[in-house]
Structure formats: C-alpha cells, structure tokens
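First residue of the sequence shown? That's 3 in the numbering used here, and the numbers climb one at a time after it.
These are calculated hints, taken from the structure and not from any lab test. One or more of the hints may lead you astray.
No farther apart than 20 Å at their CA atoms in a straight line, the calculated lysine to aspartate or glutamate pairs in the EDC-like style are these [stated by the list, open to error]:
hint, residue 1, residue 2
1, 189, 19
2, 189, 203
3, 189, 29
4, 189, 253
DEER-style ranges, computed between Cβ atoms [stated by the list, open to error]:
hint, residue 1, residue 2, range
5, 166, 74, 15 to 23 Å
6, 268, 46, 18 to 26 Å
7, 154, 44, 37 to 45 Å
8, 30, 199, 20 to 28 Å
9, 30, 268, 34 to 42 Å
10, 167, 101, 19 to 27 Å
11, 256, 205, 19 to 27 Å
Ideal placement from N, C-alpha and C gives every residue a C-beta, glycine not left out.
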Amino acid sequence: MNTQAEDLAPAVRSILEAAAERPGGDERVSVDARSLPAAFAAAEADGRVPVIAEVKPTSPTTDGARRDDPVTLAEAMVEGGAAALSVLTEPEHFDGSVENLRRVREAVDVPVLRKDFLVREDQLDAAEADVVLLIARFVEDDLADLVAAARDRGFQPLVEVHTREELAAALAAGADLIGVNNRDLGKLEVDLSTFEALAPEAPDRVTLIAESGIATPADARRMRAAGADGLLIGSAIMDAEGDDEAGTGGDVSANTRRFTAAETEEDV
C-alpha cells in the first residue's frame, strides 16, 4: 500500500483510497493467458504499430462519458488493428466493471489487459484477464510479491512506472512487461519526454509500453522511435466527436487505425 498518498493529485488519491476498500475475489483464479509479446510481434509482422486500445467509458482527466456497449467498442478496436485491448474495471471513477472485462475477453481473441488499481493480492482474483496492471507507485514494497502472485495465477503482470527509481524497482521485481506512464500522478501533467528519458535504461529483454499522452499518429511515431514496443492509447481513440447526448463518439475502428497505421500511411 502506498505510503506517499499525500504526494498524489487529489483525483488519484481518491482512486487509491477507493481501491484500498474494494474487495477481492472469493476464489483464486487460474488463467491461460494470451501472450502480449506474441500479439505485438504479430502486429509488427503485419506492418501494424502494436497498440493496446483502451475501453474507457470515462476518467477523471476527461470530459463526458461514452455509453456504447463495451463489446461493440472492443470489436471495433480489433477491426482497426489493435494488437491487444485494455478494459477498465475500476467502477467509481472510470465507470468500469469486471463484467465488461469478462464480456470483452469472451468476444475477442487478442490479449486483454485488466486496467485497475490493485493494491492487494486477493484483488487479482476478482477477474480473469491476460494481463494485469500493477502500478509501482501504488504498491511500493509489495511490488515483487504481487508480480509473483500474478504469475502464479497465469497472468502477465504489466508494471507501470514513471521515474527511474520505479523502473529500477520493476526490474528488481523481475518485471518483463513495463509501461512508462507519461502522466505524473502527482500533478496529472503529461510529458512524452518521460518515456524518452526512461526507455534507454530498460534492458532489451523487457517489452516496453508507452502510456498516456499519445494523441496523434506523430506522437505514436515519436514513442516508437524512442523504443516503445507497444503503445497504450485510450482517450485519443475513445474521445472522438460524436453524439454527446447519446453518449456515442466517433468511429472507434477508424480512430484505432490512425495509430496502428501510423508508420505506413499518411496522417489524415
């Protein structure tokens, strides 16, 4: 459990406090996970930028919400070339749910990341997924134990970092999937140079994912040039203009394709 909550932005502190109170699963899960590195390699072989497209109904850093069916969104993202999907299961701040995750994973054949803010081992048992997110800043000294516990259940743990110290902790914990969050959880400011600064310090054995702030195909190319094996993109895919009253945005498939084709097609 994070002991530096006072250093977090109020919105993030609220997320962390809610996470600490959320129950875990009743029974230990066992997962036959779809490989995220293999999905990235398949995308590369097909000439696509490896993108994890995120089903994110809303968030504290975006305006409004999308009320499209999560499965419809997920299938559109895969149609747009997404190598994998991320599904929010945090209910209070992101309108996510474990049920959304279950339905999406049943409907697609790509790896699915459970995007949540897990702080205890029993919370791993709340849902089956292929990849689970562990945020180094949130779990601190429990990171290595949670990485091991996730693997024991068959999950692929994706460890999120923002600083050199957190990257060192992730490597010490044996993480081989590492996400560099360009958003500072203390100030909620986004700076793509965060990934550029940390990427050279990650060994080649690590699958490195750039997270947050990737708003345009040019941003995608910038992160790839800096060493990103994959990109986690949510808002730029979900937040396109649409029918605000109906809670439906623009063409999620086309939005996804803008990023998966960023290295092979001209921007539109």
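Quick rundown of the hints versus the structure:
Distance check on the hinted pair: residue 189 and residue 19 sit about 17 Å apart at the alpha-carbon level, within 20 Å; holds. Under the criterion of a C-alpha separation no larger than 20 Å, the hint pairing residue 189 with residue 203 is inconsistent with the structure, at around 24 Å. Distance hint between residue 189 and residue 29 is unfulfilled; the C-alpha atoms sit about 37 Å from each other, more than 20 Å. A hinted pair counts as satisfied when its Cα atoms are at most 20 Å apart, and residue 189 with residue 253 does not qualify at roughly 31 Å.
In this structure the hint that residue 166 and residue 74 lie 15 to 23 Å apart at CB is violated, the actual value being about 41 Å. As the Cβ distance of residue 268 to residue 46 is approximately 20 Å, the hint placing it in 18 to 26 Å holds. Taking 37 to 45 Å as the suggested C-beta distance range, the pair residue 154 and residue 44 does not conform, at roughly 27 Å. The given range of 20 to 28 Å is broken by residue 30 and residue 199, whose C-beta atoms sit roughly 39 Å from each other.
Taken as a hint, the range 34 to 42 Å is violated for the pair residue 30 and residue 268, whose Cβ atoms sit roughly 50 Å apart. At roughly 36 Å, the beta carbons of residue 167 and residue 101 sit outside the given window of 19 to 27 Å. Evaluation of the 19 to 27 Å hint for residue 256 and residue 205 yields a failure: the beta carbon distance comes to about 36 Å.
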